[in-house]
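**Q** Letter by letter, the chains look like this.
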Amino acid sequence: MKFSINTSPLMKRVIFVLIIFGIFTALKPEFATYASILSIVQGIVFVGISSTFLTLLIASGEFDISIGAVTALSAIVGGMLATHLHVNMFLCFCASILVGVVVGLINALVVLYGNVPSFIATIAMLFIARSLADFISQSEPILNFPQPWHGFKDSFIGNYFSIFIFAILVILAEILLNHTNFGKVAASIGSNKEAARIAGVNVNRVKTILFVLTGAGAALSGYVADIYFSSSRTSLGSGWELLAIAGLVIGGNSLFGGRGTVLGLVLGILLMQIVATGMVISNINQWWQTVITGVVVLISLGVDKKRKKVFVHG
Amino acid sequence: MDSIEVNSYALEMSHISKSFGRVQALDDVSLKITQGSIHGLIGQNGAGKSTLMKILSGFYPDGSFDGTITLAGKEVQLRSPRDAQNFGIAIVPQEITVAGTLTVAENILLSELVTKSIKFFSKRKSESKVQTFLDSNHIPLDSSQLADSLTLPQKQILMIASALYAQPKVLVLDEPTSSLTADEIETLFAMVRSLKDRGFTTVFITHKLSEIVDLCDEVSILRDGRVAYECKRQDFDTDILVENMIGRSLGDLYPMKNELDPNAEILLRVKDLIVENPRQPGEKILDEFSFELRAGEILGLGGLLGSGRTEILKALYRDNKILSGEVELSGDKSFGRSTPKVLQAGICYITEDRKAEGLFFNLPIRPNLTAKILNSCKKWIFLDRKAEKTLANESSQALDVKPSDVETFIGNLSGGNQQKVLIGKGLLTKPTILMLDEPTKGVDIASKAEIYQIVHSLAEQGVGIILVSSEFPELLELSHRVLVFSGGKLQGEMIGKIENEHDLMLMSIGGK
Ligand SMILES: Nc1ncnc2c1ncn2[C@@H]1O[C@H](COP(=O)(O)OP(=O)(O)OP(=O)(O)O)[C@@H](O)[C@H]1O
Ligand SMILES: [Mg+2]
Chain A
4 MKFSINTSPL MKRVIFVLII FGIFTALKPE FATYASILSI VQGIVFVGIS
54 STFLTLLIAS GEFDISIGAV TALSAIVGGM LATHLHVNMF LCFCASILVG
104 VVVGLINALV VLYGNVPSFI ATIAMLFIAR SLADFISQSE PILNFPQPWH
154 GFKDSFIGNY FSIFIFAILV ILAEILLNHT NFGKVAASIG SNKEAARIAG
204 VNVNRVKTIL FVLTGAGAAL SGYVADIYFS SSRTSLGSGW ELLAIAGLVI
254 GGNSLFGGRG TVLGLVLGIL LMQIVATGMV ISNINQWWQT VITGVVVLIS
304 LGVDKKRKKV FVHG
Chain B
7 MDSIEVNSYA LEMSHISKSF GRVQALDDVS LKITQGSIHG LIGQNGAGKS
57 TLMKILSGFY PDGSFDGTIT LAGKEVQLRS PRDAQNFGIA IVPQEITVAG
107 TLTVAENILL SELVTKSIKF FSKRKSESKV QTFLDSNHIP LDSSQLADSL
157 TLPQKQILMI ASALYAQPKV LVLDEPTSSL TADEIETLFA MVRSLKDRGF
207 TTVFITHKLS EIVDLCDEVS ILRDGRVAYE CKRQDFDTDI LVENMIGRSL
257 GDLYPMKNEL DPNAEILLRV KDLIVENPRQ PGEKILDEFS FELRAGEILG
307 LGGLLGSGRT EILKALYRDN KILSGEVELS GDKSFGRSTP KVLQAGICYI
357 TEDRKAEGLF FNLPIRPNLT AKILNSCKKW IFLDRKAEKT LANESSQALD
407 VKPSDVETFI GNLSGGNQQK VLIGKGLLTK PTILMLDEPT KGVDIASKAE
457 IYQIVHSLAE QGVGIILVSS EFPELLELSH RVLVFSGGKL QGEMIGKIEN
507 EHDLMLMSIG GK
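Chains A and B, in that order, are what the protein sequence lines are.
All residue numbers for the first sequence refer to my numbering, where the first residue is 4 and numbers rise by one.
All residue numbers for the second sequence refer to my numbering, where the first residue is 7 and numbers rise by one.
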């Protein structure tokens, strides 16, 4: 297969994902069934919702490692309210999202006003959020969700609810990042903070908004997971930060900021999910699975390779 | 109060003082800028010019300095760059600052995009809108290009275009010409003059007095954070300006050129070299060319923007691809295939872009100066801090870097002093061939004279020097020979003497 020069980077990635999908289908034809595809998509929905806005935050030059932990905390908070205090679904939603907003605000405060690098500040937040979740739930899974939750889950909408939310979120975020003034301003900060300041950008304000959006997105994922599983566990979302970062990079995002593509993120995590599922279905030896995942990640990076070198002269 | 008097000033800065720790950058500075004038602001490196203009552009917000700012007769508080913009002040800062991952159009529109509400952004529409603006102002940029892919002078032009786009009432240009070549400077001057014709005001910072004489209606001189001298156009006198700038008379700017020994060893022989265009991999930037460099010779490379001179130097330094041809160092054809090897062989390159590829801005002066020679201050496997510090101190003193404390962070130095550190870093490697790319960029006139003296004495000691400079007088006065590149090839060669300036200009344009 030869890529023409004009194929956009995103298109190349789509083709690459299709090729990988094709390979597994050739190995096991049932890989391409509706049920199998649905389970693959379902498999990326929660990490996807959790990391959608992270793409924007990273484009602006900051990181958030705490997304998975925030998802867990929000799910636990929602679950505890629903099961122990019998709070209705809507108020649970508000509470869950509030968790994310507060975490986002604290992250922003520590990073922007405490001058702590976001990488470090949000690692700290990861630990705090996770232990809070453990503490609130006493590390017990929450299983006894009351009726409306089950009812919703088992309805036809409930079945596709999470995928629908994910799709909406991705479209919104992609438009926000690449087709609005806000997105351009966010990217300009990640590209060159000084240049953004000269242009009159209130850097801290924009970054605070993005930290809060990222927190809220992660929290939304927790709430949607509550609905989907009608249960919540503190282990939810562990390791998602790495998955999200890998997905972002595979999808053509720069971890140094300055630009971003939410669609790329989706393709990135989708690719990893296809590989993971495909290998299970094709009975590939456990030990090899991890190795192959790594190799596919590396190859996918080569799909659209632009090397950049920086030398110091003088 | 006499209101006519007040209204004739676009801008007054009164009793401005600002210090950074122990450094008093500005000490009770008062500046009045006539409405509709082009106001020159000059002074030595570290005099406080950029600091004053950063205050004016809201970069150092109200409260972080003493004194007041009055715009068109009304006192204003500038709390952020945004505030300054809203009052019609636009600044082009001294250091190249563009958002590299954004397009030219996005960079130019950026300040317009900063709104509280969210609006759709159409890439196509904005690019055509910006292209119209660029074309109607004769600015040679492509609005759809990524800023990262621009050359350094193009980035400078982009910054100027961004400032102009806002149609500012007061435009501040902090050393805009230091990264531009002659014909772009002419274009810039034309733009500034047309602003003036429309009644707008410009503050123009430069180290080149000829530009002041050419362009400005009035001038203020800062020295050590104070206003040392002010005058109007009719009283311009270069000698008086220089004296007030440096506090003494200068003497000769250029050293006497030494005779070149015709039998001196040929250090470098370049034969049929074809150099890659780093922005178009695989393509050549120039037709093949050949030249020789003798020990003790200062060889100038002349030309205009994009004539490929920087790329040639980088190719010799192996930081840009050589497509074909030969490079021979003292008869050795295989002296180095990588930058570290070339450096070891005694070839040193001093970049034109100190911010992006020259200095570690987050480190102090000392590690910047010694970055290339750490091997020579080793004790067993450890770094000999004392030896390192001694070397750094010597180098900093030789170049008169201010402040003299080598533990000062590079980012806190004035632009010209950063440039001196950059040169010091290269000189410490004791090269046999020194390649200088715009070495006096942003350097004040007294320090220029010092750098010229250093270059001259290196040549006398037998170092071969290749000099790229967009300042034609500098190029002609220092070089023994000048090779002129234009129109994608080596156009010709001339003797380095100031009488050739006109010919050099013609030949530089000629190939277009
Ligand atoms: N952020 C900072 N922190 C500490 N000192 C600073 C800072 N910015 C400037 N200075 C100091 O203030 C003084 C004035 O610097 P400024 O940049 O205004 O000089 P300048 O006149 O623009 O010089 P140049 O011609 O070299 O650009 C210098 O001594 C410089 O070292
Ligand atoms: Mg300056």
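In short, the hints are calculated from the structure, not lab data.
The C-beta atom is built at its ideal place from N, Cα and C for all residues, glycine as well.
Hints may contain errors.
[Stated by the list, open to error] Just so you have them, the derived chain B footprint on chain A, three or more residues with Cβ under 8 angstroms:
1. 180 to 190
2. 193 to 202
[Stated by the list, open to error] The calculated SDA-like cross-link candidates involving lysine to any residue, where the alpha carbons are at most 20 angstroms apart (straight line), are:
3. Lys175(B) to Leu152(B)
4. Lys454(B) to Lys125(B)
5. Lys408(B) to Ile160(A)
6. Lys131(B) to Asn181(A)
7. Lys125(B) to Gln45(A)
8. Lys347(B) to Leu369(B)
9. Lys196(A) to Lys327(B)
10. Lys196(A) to Ala377(B)
11. Lys361(B) to Leu172(A)
12. Lys196(A) to Thr244(B)
13. Lys122(B) to Asn207(A)
14. Lys31(A) to Met282(A)
15. Lys125(B) to Ile287(A)
16. Lys125(B) to Met282(A)
17. Lys196(A) to Leu152(B)
18. Lys202(B) to Ile174(A)
19. Lys392(B) to Leu172(A)
20. Lys347(B) to Asn326(B)
21. Lys196(A) to Asn368(B)
22. Lys196(A) to Ser142(B)
23. Lys196(A) to Asn326(B)
24. Lys277(B) to Ile212(A)
25. Lys135(B) to Arg200(A)
26. Lys175(B) to Ala188(B)
27. Lys122(B) to Met282(A)
28. Lys196(A) to Leu369(B)
**Q** Does Thr244(B) sit within 20 angstroms of Lys196(A), going by the straight-line distance between their CA atoms?
**A** Answer violated: Lys196(A) to Thr244(B) is near 39 angstroms, above 20 angstroms.
**Q** When you check the alpha-carbon spacing of Lys202(B) and Ile174(A), does it fall within 20 angstroms?
**A** It is violated: about 48 angstroms lies between the C-alpha atoms, which goes past 20 angstroms.
**Q** For the pair we were handed, Lys122(B) and Asn207(A), check the Cα-Cα distance against 20 angstroms.
**A** Holds, at about 14 angstroms.
**Q** Has the given pair, Lys196(A) with Leu152(B), been kept, meaning a C-alpha gap of at most 20 angstroms?
**A** Cα-Cα ~17 angstroms, so holds.
**Q** Compare the distance between the alpha carbons of Lys196(A) and Ala377(B) with 20 angstroms, and conclude whether the hinted pair is satisfied.
**A** Violated, at roughly 27 angstroms.
**Q** Does the structure keep Lys196(A) and Lys327(B) at a Cα separation of 20 angstroms or less?
**A** violated (32 angstroms)
**Q** Within 20 angstroms, alpha carbon to alpha carbon, are Lys277(B) and Ile212(A)?
**A** violated (58 angstroms)
**Q** Are Lys175(B) and Leu152(B) close enough, with their CA atoms no more than 20 angstroms apart?
**A** violated (29 angstroms)
**Q** Check the hint pairing Lys175(B) with Ala188(B) against an upper bound of 20 angstroms on the C-alpha distance.
**A** The given pair, whose Cα atoms are some 26 angstroms apart, is violated under the 20 angstroms limit.
**Q** Please verify whether Lys454(B) and Lys125(B) have alpha carbons no more than 20 angstroms apart.
**A** violated (49 angstroms)
**Q** Keeping to a limit of 20 angstroms between CA atoms, is the pair of Lys125(B) and Gln45(A) held or broken?
**A** violated (33 angstroms)
**Q** With a cut-off of 8 angstroms between beta carbons, are at least three residues of the region 193 to 202 of chain A near chain B?
**A** holds (count 9)
Violation of the numbered hints given earlier is confined to hints 3, 4, 5, 7, 8, 9, 10, 11, 12, 15, 16, 18, 19, 22, 23, 24, 25, 26, 27; the remaining hints are satisfied by the structure.
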